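Engineer: Going line by line, the protein sequences match chains A and B. First residue of the first sequence: 128, per my numbering; consecutive thereafter. First residue of the second sequence: 11, per my numbering; consecutive thereafter.
Keep in mind that the hints were calculated from the coordinates and are not lab data. Being a predicted model, the structure only gives us computed values, none of them experimental. Worth double-checking, as some hints may not be accurate.
[Unchecked claim] The list that follows gives simulated cross-link-like pairs (lysine to aspartate or glutamate, EDC-like), each with its CA atoms no further than 16 Å apart:
(1) K304/A / E24/B
(2) K301/A / E23/B
(3) K201/A / E140/A
(4) K247/A / D28/B
(5) K221/A / E180/A
(6) K301/A / E17/B
(7) K302/A / D19/B
(8) K247/A / D19/B
(9) K201/A / D138/A
(10) K304/A / E17/B
(11) K301/A / D19/B
(12) K302/A / E33/B
(13) K301/A / E24/B
(14) K301/A / D258/A
(15) K201/A / E139/A
(16) K302/A / D42/B
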Amino acid sequence: MDAPPSDGRTDEELMAAYVDGDHEAFRELFRRYAPVLLRLTVRHLRSEELAREVVQQTFFQVHAARRDFRLDRKLRPWVFTIAMNLVREHYRKKKRRKETDLDEAREPAAVIERGPLEQKERARLLRAALDRLPASQREVVELHWFEERPFVEVAAIVGSTEGAVRVRAHRAYKKLKELLDKELG
Amino acid sequence: MTDSSHELDPALEEWLSDARALETSASPADVDALLADVEGSLAKADKSPRFWLRSRSTGARRAIACLACLAVVGVGALTGLRSDLSEISVAWLAVAVVSLGSLLGASAFLALRPLHRPPLAPWARHGLVGLSLLATFALALVGPDGHALPAVDGMIREMASPCLFFGLFFGLPVYLVLRLFDRGPSVGALIAACAAGLAGNLVLQLHCPRNEPEHLMGAHFTVVLLFVVGLYAIHAAVRRLRG
Numbered sequence: 128m129d130a131p132p133s134d135g136r137t138d139e140e141l142m143a144a145y146v147d148g149d150h151e152a153f154r155e156l157f158r159r160y161a162p163v164l165l166r167l168t169v170r171h172l173r174s175e176e177l178a179r180e181v182v183q184q185t186f187f188q189v190h191a192a193r194r195d196f197r198l199d200r201k202l203r204p205w206v207f208t209i210a211m212n213l214v215r216e217h218y219r220k221k222k223r224r225k226e227t228d229l230d231e232a233r234e235p236a237a238v239i240e241r242g243p244l245e246q247k248e249r250a251r252l253l254r255a256a257l258d259r260l261p262a263s264q265r266e267v268v269e270l271h272w273f274e275e276r277p278f279v280e281v282a283a284i285v286g287s288t289e290g291a292v293r294v295r296a297h298r299a300y301k302k303l304k305e306l307l308d309k310e311l312g
Numbered sequence: 011m012t013d014s015s016h017e018l019d020p021a022l023e024e025w026l027s028d029a030r031a032l033e034t035s036a037s038p039a040d041v042d043a044l045l046a047d048v049e050g051s052l053a054k055a056d057k058s059p060r061f062w063l064r065s066r067s068t069g070a071r072r073a074i075a076c077l078a079c080l081a082v083v084g085v086g087a088l089t090g091l092r093s094d095l096s097e098i099s100v101a102w103l104a105v106a107v108v109s110l111g112s113l114l115g116a117s118a119f120l121a122l123r124p125l126h127r128p129p130l131a132p133w134a135r136h137g138l139v140g141l142s143l144l145a146t147f148a149l150a151l152v153g154p155d156g157h158a159l160p161a162v163d164g165m166i167r168e169m170a171s172p173c174l175f176f177g178l179f180f181g182l183p184v185y186l187v188l189r190l191f192d193r194g195p196s197v198g199a200l201i202a203a204c205a206a207g208l209a210g211n212l213v214l215q216l217h218c219p220r221n222e223p224e225h226l227m228g229a230h231f232t233v234v235l236l237f238v239v240g241l242y243a244i245h246a247a248v249r250r251l252r253g
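One chain only, chain B, in its complex shape:
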């Protein structure tokens, strides 16, 4: 045995030894044929710009992703900072920027987790997405003007507001950058979608001066919800179509 401290039942050890003894190794010819296939695929991949991006080091990929997030939020804010900036609570704005910024950073970091690291535990993945939804929901419920329950019909009306499209527009580049640099497993798509929603929401917090609870819920929170649920549904549909 590999670890002498781990003692096995003798009968089971015999079963396991028999199974191991029957294992065969690939012949050198098989290995060389497989190597030729791999070298062919790699030669092709090395010419692709997408593979070039994905084969940057994880530190570089993460730094580029963070810069992309900063650029998106910066450009979004530069299109016009909210006109009521001097009137709203500084504490509320600080909480919004710090919480959304931290969640965005964490999402971008985890969306580019490399495959040579053990997988992220499902609770951590779902916890991050849940926390992002919860934070944006709470910021919509407790706006700069304080807590107020939104009216459902008004909230639905606000879903057609330009703010929703503005948020989606600014979130999309974050999603694309993260997917472009991602070489990891398919779960990265969900976290990338979450990061995109957070970026869109953060841009709206810095840009939009409307504080009605219906607007915050229908046009701001929905950005994150649409990215997470919408893109996840699209990915699931594509996976199903591909069989």
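Same shape as in the complex, but just chain A:
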């Protein structure tokens, strides 16, 4: 998925170096995290421009909060929580989520063959179905499935318990299946 790190240090070691003033460590962290955060935020915001803004803001916040990072903690949930909070803030400011109409994608969904175009249409339908999930369920699916984060880490990012996140994920996947089945008739 992403390019392997060019620096042998762990994320947490890089963060410690960065807090101590090593600017090159910040650059390495940026190269490791920016592609992942761009994918995560594009998925939520459906706009590359907005996603770039949120990723910039995320690193701005990482810089402002660097003295808050505890070296005995994992960096990834810490950074993801900032990014997800900024995405939520975006929606709070806009007071609306980008609407995606499942009906628009109804016709292509009926295609049965699995060519490259059909795969794209299926992905588009799935995105539309994801948009119909409550935000709290959707973010769990995004982090668990698309970012392949374990439930315990997803719970830390969204500020919930592992059990509650598992329940949310179960409901989300069930609802997704229902929505997709309905679309396919």
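For chain A, the structure is supplied; the task is to place chain B on it using the hints.
Structural biologist: Just chain B now, with coordinates in the frame of chain A:
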């Protein structure tokens, strides 16, 4: 899957896998261009005193905010402690100071919640503001002289009393300090406004010797109400103007 214990419907798993397989990553050139933008913004921000304040650790920001609250209440009290201090019920004054002080501390603490923490639940945010309004309303309704219902016309007249402006004057620095140190989301403004109202109200409890229910409701309680409703309305208007 990430957690093998969580089994997915095979058809859904296929859909999800297809969607994941189609995802692309930003090219190294894109990432470097974005990094250059971020480094430019950070170099500019690092020169700003406001960013310097915001980039203190959360512990330091909270300690400074608490000291600011204490300083405001202390200076307010030093302008003249209420002249009836020896006559009013010690229990009532203790309840007022402890309840308002605790709510003020909690508000200042939560107004500076950092963005790397999961968001505060809306019920907690609204609960704190509601509790603050309720506590100051109850203290106005049950003053040091006991419970009495205020007359509406007298209450409205009291809104022009110097006490209201005195409370607003002492609350404003608390609001400004909290906003100055806040690097979190926009919801911090509501809690900061609540803290400001509580600080203004607490100063009035320590300073003003008038105990008529109309005065307590019209000039003391209104401080909190104005901060919460007024500043919230201003923020909402600014947000709307900015689109």
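Engineer: For each hint, tell me whether it holds in the structure or not.
Structural biologist: Right, here's what the structure says about each hint:
About 11 Å separates the Cα atoms of K304/A and E24/B, which keeps this hinted pair within 16 Å; it holds. For the suggested pair K301/A and E23/B, the alpha carbons sit about 11 Å apart, so the restraint of at most 16 Å is met. For the suggested pair K201/A and E140/A, the alpha carbons sit about 10 Å apart, so the restraint of at most 16 Å is met. The straight-line distance between the Cα atoms of K247/A and D28/B is roughly 8 Å, inside the 16 Å bound, and the hint therefore holds.
Distance hint between K221/A and E180/A is fulfilled; the C-alpha atoms sit about 15 Å from each other, no more than 16 Å. Note on K301/A and E17/B: the hinted pairing holds, with a Cα-Cα distance of about 11 Å set against a maximum of 16 Å. Our distance criterion of 16 Å between C-alpha atoms is met by K302/A and D19/B, whose separation comes to about 12 Å. Only pairs whose Cα atoms come within 16 Å are accepted, and K247/A paired with D19/B is rejected, the gap being roughly 20 Å.
Under the criterion of a C-alpha separation no larger than 16 Å, the hint pairing K201/A with D138/A is consistent with the structure, at around 8 Å. Between K304/A and E17/B, the direct Cα distance comes to roughly 13 Å. Compliance with the 16 Å bound is thereby established for this hinted pair. Under the criterion of a C-alpha separation no larger than 16 Å, the hint pairing K301/A with D19/B is consistent with the structure, at around 9 Å. Under the criterion of a C-alpha separation no larger than 16 Å, the hint pairing K302/A with E33/B is inconsistent with the structure, at around 23 Å.
The hinted pair formed by K301/A and E24/B meets the criterion: a straight-line CA distance of about 14 Å does not exceed 16 Å. Between the alpha carbons of K301/A and D258/A the distance comes to roughly 14 Å, so the proposed pair stays at or under 16 Å and holds. Using a Cα cut-off of 16 Å, the hinted pair K201/A and E139/A holds, with the two alpha carbons roughly 7 Å apart. Distance check on the hinted pair: K302/A and D42/B sit about 39 Å apart at the alpha-carbon level, beyond 16 Å; violated.
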